[in-house]
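Colleague: One-letter residues, chain by chain:
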Amino acid sequence: MSRSITLRAAVVSVALLALFLLAWQLATLGGTAATDMDPEYAALMGATATQGKSAMPGPVEVLGTFWNHITNPFYDNGPNDKGVGIQLAFSLARVLTGFFLAVAVAVPLGFLIGMSPLMHKALDPFFQLLKPISPLAWMPLALYTIKDSSASAIFVIFICSLWPMLMNTAFGVAAVRKEWMNVARTLEVGPFRKAFQVILPAAAPTIVTGMRISIGIAWLVIVAAEMLVGGTGIGYFVWNEWNNLSITNVINAILFIGLVGLVLDQALAKLVKVVTYPE
Amino acid sequence: MTGNPFIRVEGLAKAYGPTTVFRDLWMSIDKGEFICLIGHSGCGKTTILNALAGLEEVSDGAILMDGREIDGPSLDRAVIFQSHALMPWMSVLENVDFAVRSRWPGWNKAKRHQHALKFIELVGLAGAANKKPAELSGGMKQRVGIARALSIEPKMLLMDEPFSALDALTRGTLQDEVLRICHETQQTVFMITHDVDEAILLADKIVLMTNGPQAVIAEIVENTLPRDRSRHDLHRHPHYYRIRNHLIEFLVDRSKQFDRAAMDTRHPQITKPGLGGPTALDQSA
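Those protein sequence lines, which keep their order, are chains R and A.
Sequential numbering from 135 applies to the first sequence in the numbering used here.
Sequential numbering from -16 applies to the second sequence in the numbering used here.
Hints were generated in silico from the structure; no laboratory data involved.
Bear in mind that the values here come from a model prediction, so they are computed numbers and not experimental data.
Keep in mind that a hint or two might mislead.
[To be verified] Here are the simulated lysine-lysine pairs, PhoX-like style, with alpha carbons at most 25 Å apart: (1) LYS138/A <-> LYS114/A; (2) LYS255/R <-> LYS187/R; (3) LYS92/A <-> LYS114/A; (4) LYS255/R <-> LYS312/R; (5) LYS328/R <-> LYS255/A; (6) LYS114/A <-> LYS94/A; (7) LYS328/R <-> LYS14/A; (8) LYS101/A <-> LYS114/A; (9) LYS92/A <-> LYS115/A; (10) LYS138/A <-> LYS14/A; (11) LYS404/R <-> LYS114/A; (12) LYS407/R <-> LYS114/A; (13) LYS407/R <-> LYS312/R; (14) LYS115/A <-> LYS328/R; (15) LYS138/A <-> LYS115/A; (16) LYS404/R <-> LYS115/A; (17) LYS239/A <-> LYS255/A; (18) LYS14/A <-> LYS92/A; (19) LYS407/R <-> LYS328/R; (20) LYS328/R <-> LYS239/A; (21) LYS407/R <-> LYS138/A; (22) LYS265/R <-> LYS255/R; (23) LYS328/R <-> LYS92/A; (24) LYS14/A <-> LYS255/A; (25) LYS255/A <-> LYS188/A; (26) LYS312/R <-> LYS115/A; (27) LYS312/R <-> LYS114/A; (28) LYS138/A <-> LYS94/A.
[What the hints assert, rightly or not] Only part of the chain R face toward chain A is listed, based on derived beta-carbon distances under 8 Å: (29) LEU257; (30) TRP314; (31) LEU321; (32) GLU322; (33) VAL323; (34) LYS328; (35) PRO335; (36) LEU354.
Just so it is clear, CB atoms sit at the ideal spot from N, CA and C, and this is done for glycine as well.
With the hints as constraints, model all of the structure from the sequences given.
Modeller: Here it is as structure tokens:
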């Protein structure tokens, strides 16, 4: 039954995709070419006006470019023309750096907050105030203090990855079952063994779920951050192609952003599965 | 009572705010004795056990073990929790090894595992050492809990309704095993139970508590059945129903109508149902 539903869902997915591509293709076929246009005026106008070409690229055109991108992802023709692979690598490097910096801060701090009701109460107002701030609002301050655009982007990723992990770690640690803690207490287990052999594995599913939320947000934010700081990265690529009026490349970039985000999310989902224990 | 008991509970009391759960508890436990505590919900049974374990602080009084005051958890006293409290991310062997490593931090892995396996075999789980708790039945999980508690070779075993979550058949088998193991190892045991038959089967002495709040020890019933009793022929012994009726009658009626002011809480009455002396059954008959 479950296998057949998977199969049927796959068929529906493919059918919907085909339908969408077909509609896209039909919508971008364009009209008829202008016949009575003044040649001088026609020379000034693009193909949209003279040949009735659609302003939007069709799926064939986009997939053709997509194929070019994945067959030659790492070319480098100067600052304004780098392969999409290079741009994605820049973005990923920033996201992962910011993310792991956030892990290094959020997990120990979350542990402390989860263990100590006092610290939880004392720090909570700060978190409640800082949490709703759009990470991009930190950008000017980061640029002013760090004085490096690439590091500022990393800082923005750091700050947006921090909160979900911090909150989840604190919650997971505070919610470790009292009976497990009592077992550790009656066995006179030292603080290090208690932290690494009881609390960490017990809270791991919650902590890693926080990481999954964080990496999702980080990947959303990096595009906007790179549009602001410029230079490199997939966000910069999108903005650059917009300035080039290459809608084909913009659509391609959207596709790549989605694909990388999917891979990141699935990787963390796998990790959640690994650390989850059945009861 | 002997001159120098292993455990002495002296004037123990616990209050949550204005509510006194129990007060002025006095009792002693000798080495190798099996004590069952029976009382209705709310008389603070689990609090007493937690105080013995060192997990919970009391409001007044003290508990002495070997003449020293209990002021925190110790490897000398192992607890078997009602809900087995196994770590679900560890296998059976790892769960027991976790305890063994706490007791003997200097031992290498091979020695620890050998020791842990000995106790896993003792509770009849030799084939399941590498299984996770989720793959075990409720009874098997509780066996692991017992193996973990015994593996640290404690001076005393504390059990908080260890079989209450199990079905009747599993409970019976586990009771037999606990009886066998405790007799073999001369273990001192303090156990909380709701089950009168369980208490008669396992305990040397049954401590009865009045209803809370302001609960006190009403009396201590000495089990007059022979020590080599078993679950199968228990009910054939002439004393069995006398003890049972005495306990039931206490739980149903007398636990709520005690004249606390007239009681000598420091020396609770000791009764031996079946061996003459005053028992409720004899009085009413």
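Colleague: Taking the hints in turn, state whether each one holds.
Modeller: Going through the hints against the structure:
1. LYS138/A <-> LYS114/A: 29 Å, violated
2. LYS255/R <-> LYS187/R: 63 Å, violated
3. LYS92/A <-> LYS114/A: Satisfied, since the Cα-Cα distance of roughly 18 Å is no more than 25 Å.
4. LYS255/R <-> LYS312/R: This hinted pair holds, its Cα atoms lying about 20 Å apart.
5. LYS328/R <-> LYS255/A: 46 Å, violated
6. LYS114/A <-> LYS94/A: 20 Å, holds
7. LYS328/R <-> LYS14/A: 32 Å, violated
8. LYS101/A <-> LYS114/A: At roughly 16 Å apart (the allowed maximum being 25 Å), LYS114/A and LYS101/A satisfy the hint.
9. LYS92/A <-> LYS115/A: Holds - the C-alpha atoms of LYS115/A and LYS92/A are around 19 Å apart, at most 25 Å.
10. LYS138/A <-> LYS14/A: 9 Å, holds
11. LYS404/R <-> LYS114/A: 22 Å, holds
12. LYS407/R <-> LYS114/A: Answer holds: LYS407/R to LYS114/A is near 18 Å, not above 25 Å.
13. LYS407/R <-> LYS312/R: 24 Å, holds
14. LYS115/A <-> LYS328/R: 20 Å, holds
15. LYS138/A <-> LYS115/A: Violated, at roughly 28 Å.
16. LYS404/R <-> LYS115/A: Cα-Cα ~20 Å, so holds.
17. LYS239/A <-> LYS255/A: 21 Å, holds
18. LYS14/A <-> LYS92/A: Not satisfied, since the Cα-Cα distance of roughly 32 Å exceeds 25 Å.
19. LYS407/R <-> LYS328/R: 23 Å, holds
20. LYS328/R <-> LYS239/A: The given pair, whose Cα atoms are some 43 Å apart, is violated under the 25 Å limit.
21. LYS407/R <-> LYS138/A: 41 Å, violated
22. LYS265/R <-> LYS255/R: 16 Å, holds
23. LYS328/R <-> LYS92/A: 19 Å, holds
24. LYS14/A <-> LYS255/A: 20 Å, holds
25. LYS255/A <-> LYS188/A: Measuring from Cα to Cα gives roughly 10 Å; hence the hint holds.
26. LYS312/R <-> LYS115/A: 20 Å, holds
27. LYS312/R <-> LYS114/A: Answer holds: LYS312/R to LYS114/A is near 23 Å, not above 25 Å.
28. LYS138/A <-> LYS94/A: 22 Å, holds
29. LEU257: 28 Å, violated
30. TRP314: 6 Å, holds
31. LEU321: LEU321/R check passes; min Cβ-Cβ to chain A is 4 Å, inside 8 Å.
32. GLU322: It holds, given that the least Cβ distance between GLU322/R and chain A is near 5 Å, below 8 Å.
33. VAL323: OK, holds: VAL323/R within 8 Å of chain A, min 5 Å.
34. LYS328: Check failed: Cβ of LYS328/R comes no nearer than 10 Å to chain A, outside 8 Å.
35. PRO335: 5 Å, holds
36. LEU354: 32 Å, violated
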